[in-house]
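Chain U is fixed; fit chain R onto it per the hints.
One letter stands for each residue in the lines below.
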Amino acid sequence: MAPRLLLALAVACLAADCRAHFVNFTLPTLPYATTLFEPNIDNATMTIHYTKHTQTYATKLNDAILTTCLGQGLALTPLSQLVQKVGASVPCGAKLCKAIRNADCEKAVRNQGGGLFNHGLFFLHNLAPTGAQDYETHASRALRDAVKQAFGSYDTLKANFSTTAAGVFGSGWAWLVYNPATRKLSITTTPNQDNPMMGLFTPRSYAILGLDVWEHAYYIKYQNRRADYITAFLNGKIINWQGVSLLYAKAVNGQYPNLNVLDLQQGPWRVMS
Amino acid sequence: MPFTLPPLPYALDALKAKGMSKTTLEFHFGKHHTAYLNNLNGQIAGKELESLGSVEEVMLKSWNGGQPTPEFNNAAQVVNHTFFWESMSPSGGGKPSGKVAEAIDKDLGGYDKFVEAFKAAGATQFGSGWAWLSVNGQGKLEVSKTPNAENPWVHGATPILTMDVWEHAYYLDVQNRRPDFISNFVSNLIDWQRVEQRYLAATSK
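Line order of the protein sequences matches chains U and R.
This note's numbering puts the first residue of the first sequence at 1, with every later residue one more than the last.
This note's numbering puts the first residue of the second sequence at 274, with every later residue one more than the last.
Excised from the complex, chain U in its bound form:
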């Protein structure tokens, strides 16, 4: 598509559902106050983490799609599809080619697109008001059964998740994922802003709960004490188990690859209001 037409399309993308789906990706207003998770996650961190770090991923992704990625046919690609294309191969002629052929474009999609997806999941699907949710009453039966099957108990899930998150060296994420290949839950990590759904990973898996362990996620309140931050996340009753259950259901029924993490209508905050 001609660059001018693309630009016009992107600029004209003003309708709410359009903005959430593809360029220009727009962060929704956070559907809760940034003070909501005190004292587990502090106000300053919530504010800077969403309005600066996450917004910067969106800004840089939008810019990359329209510049570095021009000619790659990515302008109308939803975020979840962009994430899946990273590291993926597609048939082209008699062989397999990289899904994103320009290396600079792929790097931008990996880092900025991954960053946007991961943070969208975390802020809009994984967090719930302190005290508003607990696992026993807000996680679906299906999810609780899957946890029992994979880990034996919720306590073991928490212990394993905690150890895993503490062990990430450098920047990255700890994830509770659904593995479509085995139909089971497991815990995994990714470096930087990689996401388990990226084509880099075979087999792919679908993240239903994530914890950001980049230092920016906890440094203002916890400094070097990442373990305390992890404990606060796991035991502070701030995990949105309804949201995690919704993601689990989508992962099981095949809808996860089309998930629009930035669309509040698709997330738990609509359910909760």
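None of these hints come from the bench; they were simulated from the model.
None of these values were measured; they are calculated from a predicted model.
Mixed in with the good hints there might be a few duds.
Unchecked claim - Here are the simulated BS3-like cross-link-like pairs (lysine-lysine), alpha carbons at most 27 angstroms apart as the crow flies:
id, chain 1, residue 1, chain 2, residue 2
1, U, Lys158, U, Lys237
2, R, Lys379, R, Lys392
3, U, Lys60, R, Lys386
4, R, Lys320, U, Lys221
5, U, Lys250, U, Lys184
6, R, Lys372, U, Lys52
7, U, Lys184, U, Lys148
8, R, Lys386, U, Lys107
9, U, Lys60, U, Lys98
10, R, Lys304, R, Lys334
11, R, Lys368, R, Lys304
12, R, Lys392, R, Lys368
13, R, Lys368, R, Lys289
14, U, Lys237, U, Lys148
15, R, Lys392, R, Lys334
16, U, Lys158, U, Lys250
17, U, Lys237, U, Lys52
18, R, Lys368, R, Lys295
19, U, Lys95, U, Lys107
20, U, Lys221, R, Lys291
21, R, Lys386, R, Lys368
22, R, Lys304, R, Lys320
23, U, Lys52, R, Lys392
24, R, Lys320, R, Lys334
25, R, Lys413, R, Lys379
26, R, Lys386, R, Lys291
27, U, Lys52, R, Lys291
28, U, Lys221, R, Lys289
29, R, Lys392, R, Lys295
30, U, Lys52, R, Lys295
31, U, Lys60, R, Lys392
32, R, Lys295, U, Lys221
33, U, Lys107, R, Lys392
34, R, Lys304, R, Lys291
35, R, Lys291, R, Lys334
36, R, Lys392, R, Lys413
Then chain R, alone, in the frame of chain U:
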């Protein structure tokens, strides 16, 4: 024998006037750097690595030709951070002079080009890592960036200057504004006298 950390070359508040707060150094040196050392000592206790003469040797051995063993992250971070403290000074900043300035002109196209390259290295190291000015195998200066604990030593180069761009290096002072941290480091913190000494040592062999 367990390794120990050399003391910080200056007081914890000595860089405050140059833009790096006392609180940052309290955590960065007192917690992060100290934890790397303590964790390393724990990892090597009772092992062959413990008998090596220096943390540098442990670092090089545990790099293991690019398939690093678990000790590498801690050993390299111990070395990297000591080198970082010694790259800064309470009277730092300004421009280089002497032989290293000549080399910057010759090998990198001048101070302004060095600044541009070094700032870009720090800004574009995605996630955690370091920016470096090193003497390479051909005796020429080069700017580079590395992720996490990696450094030019394990690739056979000789660093003469480093800047930590892990978020813990700057988050308390400037939060997400890494470029501001980088600008301040380049303008106000670099110990060019030390860098010159290192350059001369690296090029005299």
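Hint-by-hint comparison with the structure:
1. U:Lys158 to U:Lys237: holds (12 angstroms)
2. R:Lys379 to R:Lys392: Cα-Cα ~19 angstroms, so holds.
3. U:Lys60 to R:Lys386: Roughly 25 angstroms separates the two Cα atoms, so the pair holds.
4. R:Lys320 to U:Lys221: Roughly 37 angstroms separates the two Cα atoms, so the pair is violated.
5. U:Lys250 to U:Lys184: Status holds; Cα separation ~14 angstroms.
6. R:Lys372 to U:Lys52: Violated, because 42 angstroms separates the two Cα atoms, which is more than 27 angstroms.
7. U:Lys184 to U:Lys148: holds (11 angstroms)
8. R:Lys386 to U:Lys107: OK: Lys386 (chain R) and Lys107 (chain U) at ~25 angstroms, within 27 angstroms.
9. U:Lys60 to U:Lys98: holds (22 angstroms)
10. R:Lys304 to R:Lys334: holds (25 angstroms)
11. R:Lys368 to R:Lys304: violated (32 angstroms)
12. R:Lys392 to R:Lys368: Distance ~15 angstroms between Lys392 (chain R) and Lys368 (chain R) Cα, so the pair holds.
13. R:Lys368 to R:Lys289: Answer holds: Lys368 (chain R) to Lys289 (chain R) is near 20 angstroms, not above 27 angstroms.
14. U:Lys237 to U:Lys148: Between Lys237 (chain U) and Lys148 (chain U) the Cα gap is close to 19 angstroms, so the pair holds against 27 angstroms.
15. R:Lys392 to R:Lys334: violated (31 angstroms)
16. U:Lys158 to U:Lys250: holds (22 angstroms)
17. U:Lys237 to U:Lys52: Distance of about 25 angstroms is within 27 angstroms: holds.
18. R:Lys368 to R:Lys295: Given that 27 angstroms is the threshold and the Cα spacing comes to 25 angstroms, the pair holds.
19. U:Lys95 to U:Lys107: Distance ~23 angstroms between Lys95 (chain U) and Lys107 (chain U) Cα, so the pair holds.
20. U:Lys221 to R:Lys291: Roughly 24 angstroms separates the two Cα atoms, so the pair holds.
21. R:Lys386 to R:Lys368: holds (13 angstroms)
22. R:Lys304 to R:Lys320: holds (25 angstroms)
23. U:Lys52 to R:Lys392: Cα-Cα ~20 angstroms, so holds.
24. R:Lys320 to R:Lys334: holds (13 angstroms)
25. R:Lys413 to R:Lys379: holds (9 angstroms)
26. R:Lys386 to R:Lys291: holds (23 angstroms)
27. U:Lys52 to R:Lys291: Holds. Lys52 (chain U) to Lys291 (chain R) sits at ~25 angstroms (cutoff 27 angstroms).
28. U:Lys221 to R:Lys289: holds (21 angstroms)
29. R:Lys392 to R:Lys295: Holds, because 24 angstroms separates the two Cα atoms, which is no more than 27 angstroms.
30. U:Lys52 to R:Lys295: holds (25 angstroms)
31. U:Lys60 to R:Lys392: With Cα atoms ~19 angstroms apart, Lys60 (chain U) and Lys392 (chain R) stay inside 27 angstroms; holds.
32. R:Lys295 to U:Lys221: holds (17 angstroms)
33. U:Lys107 to R:Lys392: With a Cα-Cα distance of about 20 angstroms, the restraint between Lys107 (chain U) and Lys392 (chain R) holds, given a limit of 27 angstroms.
34. R:Lys304 to R:Lys291: Holds. Lys304 (chain R) to Lys291 (chain R) sits at ~22 angstroms (cutoff 27 angstroms).
35. R:Lys291 to R:Lys334: At roughly 36 angstroms apart (the allowed maximum being 27 angstroms), Lys334 (chain R) and Lys291 (chain R) break the hint.
36. R:Lys392 to R:Lys413: holds (19 angstroms)
Hints 4, 6, 11, 15 and 35 from the earlier list are contradicted by this structure; the remaining hints agree with it.
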